[in-house]
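> Numbering follows this note's numbering, with no gaps: position 36 of the sequence shown is 36.
Keep in mind that a hint or two might mislead.
Restraint-style ranges between C-beta atoms, simulated for each label pair [to be verified]:
id, residue 1, residue 2, range
1, K68, A20, 13 to 23 Å
2, K40, K12, 14 to 24 Å
3, Q81, M3, 28 to 38 Å
4, E61, A20, 25 to 35 Å
5, S69, K36, 26 to 36 Å
Rather than coming from a laboratory, the hints here were simulated on the basis of the structure.
Everything numeric in this text was worked out from a predicted model, so none of it was measured.
Where is the CB? At the ideal position from N, CA and C, for every residue including glycine.
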Amino acid sequence: MSMYKIGVVGDKDSVLAFKAIGIDVYPVVEIEEARKTIDKMAMEKYAVIFVTEQVAKDLEETIDRYNKSMVPAIILIPSNQGSLNIGLSKVQENVEKAVGVNIL
Numbered sequence: 001m002s003m004y005k006i007g008v009v010g011d012k013d014s015v016l017a018f019k020a021i022g023i024d025v026y027p028v029v030e031i032e033e034a035r036k037t038i039d040k041m042a043m044e045k046y047a048v049i050f051v052t053e054q055v056a057k058d059l060e061e062t063i064d065r066y067n068k069s070m071v072p073a074i075i076l077i078p079s080n081q082g083s084l085n086i087g088l089s090k091v092q093e094n095v096e097k098a099v100g101v102n103i104l
């Protein structure tokens with residue numbers, strides 16, 4: 001049985017706390033570095049990849065590519081600088097697609 005992993009990608013200050021609960025942490029500075037990190041994580045059996053909204057806003061094409069597959073699930077989270085509401089809007093879109101109406 002293969003084990004899937006969980007990781008988080010974002011700026012160092014936002015992702016470091018995840019290390020304390022056992023999640024693999026990938027601090028990134030450049031957008032291209034983030035793109036390569038997400039692609040590498042997808043190949044290394046990460047089932048869930050959390051990405052800070054500040055990083056995700058510049059990675060729309062990469063995130064959309066993985067949203068079409070079951071694994072990995074890319075979940076957008078706010079950074080320590082606050083939320084851009086990108087993650088919430090994606091959740092609302094997915095709920096509306098699944099249920100047929102926005103119940104949130």
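> Between Q81 and M3, does the beta-carbon spacing fit 28 to 38 Å?
Holds, since Q81 and M3 (Cβ atoms, about 33 Å apart) stay within the stated range.
> When you take the CB atoms of S69 and K36, is the distance between them in 26 to 36 Å?
violated, 18 Å
> Does 13 to 23 Å hold as the CB distance between K68 and A20, or does it fail?
violated, 32 Å
> So does E61 sit 25 to 35 Å from A20, Cβ to Cβ?
holds, 32 Å
> So the hint says 14 to 24 Å: do the beta-carbon atoms of K40 and K12 match that?
At 18 Å between Cβs, range holds.
Consistency with the previously given hints fails for numbers 1, 5, ordered from lowest to highest.
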